[in-house]
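There are 2 protein chains.
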Amino acid sequence: MNVLITGAAGFLGQRLARALLKRGHLQSSAGIAEPIDELCLFDVNPPAAVEVDAVLDAGANASGPPQRQSTQIRVRTITGDIRDDALLRSVIDARTTAVFHLSAIVSGTAEADFDLGWSINLDGSRALLEACRHSGVHARVVFTSSVAVYGGKLPALVTDHTPLNPQSSYGAQKAMGELLLTDYNRKGFVDGRILRLPTISVRPGRPNGAASSFASGIIREPLAGEPAQCPVDAQTPLWLLSPARAIEALVHGYELPTEAIGIARAINLPGLSLTPAEMAQALTRVAGTEVAARIEWRPDERVERIVASWPAAWDTSRALTLGFKPDADFDSVIQAYQSEM
Amino acid sequence: MNVLITGAAGFLGQRLARALLKRGHLQSSAGIAEPIDELCLFDVNPPAAVEVDAVLDAGANASGPPQRQSTQIRVRTITGDIRDDALLRSVIDARTTAVFHLSAIVSGTAEADFDLGWSINLDGSRALLEACRHSGVHARVVFTSSVAVYGGKLPALVTDHTPLNPQSSYGAQKAMGELLLTDYNRKGFVDGRILRLPTISVRPGRPNGAASSFASGIIREPLAGEPAQCPVDAQTPLWLLSPARAIEALVHGYELPTEAIGIARAINLPGLSLTPAEMAQALTRVAGTEVAARIEWRPDERVERIVASWPAAWDTSRALTLGFKPDADFDSVIQAYQSEM
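Quick mapping for you: the protein sequence lines, in order, are chains A and B. Heads up, my numbering is the position in the first sequence plus 14, with the first residue counted as 1. Heads up, my numbering is the position in the second sequence plus 14, with the first residue counted as 1.
These are calculated hints, taken from the structure and not from any lab test. It is possible that part of the hints are untrue.
Since the list gives no way to pick one copy over another, a pair counts as held whenever it fits inside one copy or between any two copies.
[Said to hold, decoys possible] Computed list of lysine to any residue pairs in SDA-like fashion (alpha-carbon distance at most 25 Å, straight line):
#1 Lys-201 with Pro-177
#2 Lys-201 with Ser-133
#3 Lys-201 with Leu-168
#4 Lys-36 with Ala-100
#5 Lys-339 with Asp-51
#6 Lys-201 with Glu-315
#7 Lys-201 with Gly-223
#8 Lys-167 with Gly-202
#9 Lys-167 with Val-58
#10 Lys-201 with Arg-316
#11 Lys-167 with Thr-272
#12 Lys-201 with His-152
#13 Lys-339 with Gln-243
Given only the sequences and the hints, what does the whole structure look like? Please build it.
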């Protein structure tokens, strides 16, 4: 089987690529482990040589994948635009039975650049689904959605029955992507799975244009000896998931039998409900008072408005029943991040 | 002010055009009656000469509009494609402060022709909103949505908090149109109002591609001495609104102050909850047993699947508070239709 990852130069994309190379297979509907023949990494940004090497190294050094040596997996990088129908149709063919659609314009950027957000997040997703439809192989498509599809007056606990009510362009684009994928699924063009991801923390690297960027920054920068600004009130509840659990969820979401999901294709993933104040306390416990003191509390109304519209916690009983795993606590999330530094 | 009606050659569009010509004005945010200078009728189908005449006649014969003679309103017909950005931007300018967006591919046709439905119902709506955004006048846009945005396991009474869960491509397209318009509204590009219309009955004319076409046919055809088939079970609950109340709702929805609506721009309109069996009983009462006996009960699984996914009734307390009016009963709806035959 060929596996396509869009947004493959991004943080989750790179990490998912490494995980799949280590694994070497994905489980099919029938519960059979299907070996991955080709991993296609699609992104508008070319993965830097060192990053491709890192992926290949990770594959070569993988310990005992159950089905085959991951070095046998062809890794193909495609640098292109997700809205390029012709390119997508040349990349997605009858062998492409697994698609992880991660490419997106992040929330803060989509809010600032209205045209770009709608173009990439809606038209790009549609072009991808069209290419899958035309390949005719009923590919499994894992689509990442977000807390940002919720908003307005929210119940304390968001359930699978809470209406989508996005209060940002990014949230509207993700909600529309969900509806689109659900219709392609209903028509039998793809086998779609929608995973609503909590805010991912701790992301390595640098701040990005996401309104939630600070949720990693206030841990990452202090640990690196740098100050970090928290642009929301210290008591703003956030809904968090570690990168490791996010990658596991993407693979698990792919491997779920289609009938286990039913007609409601979107699944709210388990997370930890924490305020920035509680995150700072966890940082103090793990790394000490001096490190945590590097967090600067500077509310920014623009960010606060977006983040405050997101739910603080959601009922994840369905996700847990389906076998998705939450993080144990945020201290261990910080420790895991430290071990990778 | 200039008023644009898209889908103006359609049944509701023609009727709305006549109503606006009779009225001669629309009320602005400040509660002031603004005279209509131009009524632009946009449709892919040219309104037939007789139909334009009918509109102009209706205008010329209108009794006492409060602001000005409706004959002073310029009526402009544009035959074109709703996806034609350049055309829309030439039609919508700084004087176009009122838009009624009625053009759509109906449910049955959108289900049968996947590409056409998505193209007209999503891309067309987006092109229209983009043209409004670029006109820079924060036009009021009335968007018609549908019972079809709901589906799946529904509560007995659908409320404003029932999640959208469309089970047809048409429903998905309308739900996405709602999200899109809501984001354009939030960004201040338009002043958007979404009216979720019940199934309109009794429509004059011929059957169309809507899955709900029978809801008019089983009254209209028997009254005309012809047989009509009911493709759904006689006990399937439907949610109905008469054409007269629908037109009143469009005008009222336009005239509501923007702050009265709030951030949830979609309003579920009042309707009558009736089964085809109850509709047949009303027809018997109004026109006799012989007429009602012309209904043939022939379930069609394709239509039944779509119609059964729609809600049977919804909580319309918000709409009633906002001043929308339901029909008194279905007998009077049939009588009103007869009086127009």
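Each hint tested on the structure:
| no. | hint | in the structure |
| --- | --- | --- |
| 1 | Lys-201 with Pro-177 | both (23 Å within a copy, 21 Å between copies) |
| 2 | Lys-201 with Ser-133 | both (24 Å within a copy, 16 Å between copies) |
| 3 | Lys-201 with Leu-168 | between (32 Å within a copy, 21 Å between copies) |
| 4 | Lys-36 with Ala-100 | neither (31 Å within a copy, 51 Å between copies) |
| 5 | Lys-339 with Asp-51 | neither (28 Å within a copy, 62 Å between copies) |
| 6 | Lys-201 with Glu-315 | between (43 Å within a copy, 16 Å between copies) |
| 7 | Lys-201 with Gly-223 | between (35 Å within a copy, 19 Å between copies) |
| 8 | Lys-167 with Gly-202 | between (35 Å within a copy, 21 Å between copies) |
| 9 | Lys-167 with Val-58 | neither (37 Å within a copy, 40 Å between copies) |
| 10 | Lys-201 with Arg-316 | between (40 Å within a copy, 13 Å between copies) |
| 11 | Lys-167 with Thr-272 | between (32 Å within a copy, 19 Å between copies) |
| 12 | Lys-201 with His-152 | within (10 Å within a copy, 37 Å between copies) |
| 13 | Lys-339 with Gln-243 | neither (30 Å within a copy, 52 Å between copies) |
Comparing the model with each numbered hint stated earlier shows that hints 4, 5, 9, 13 do not hold.
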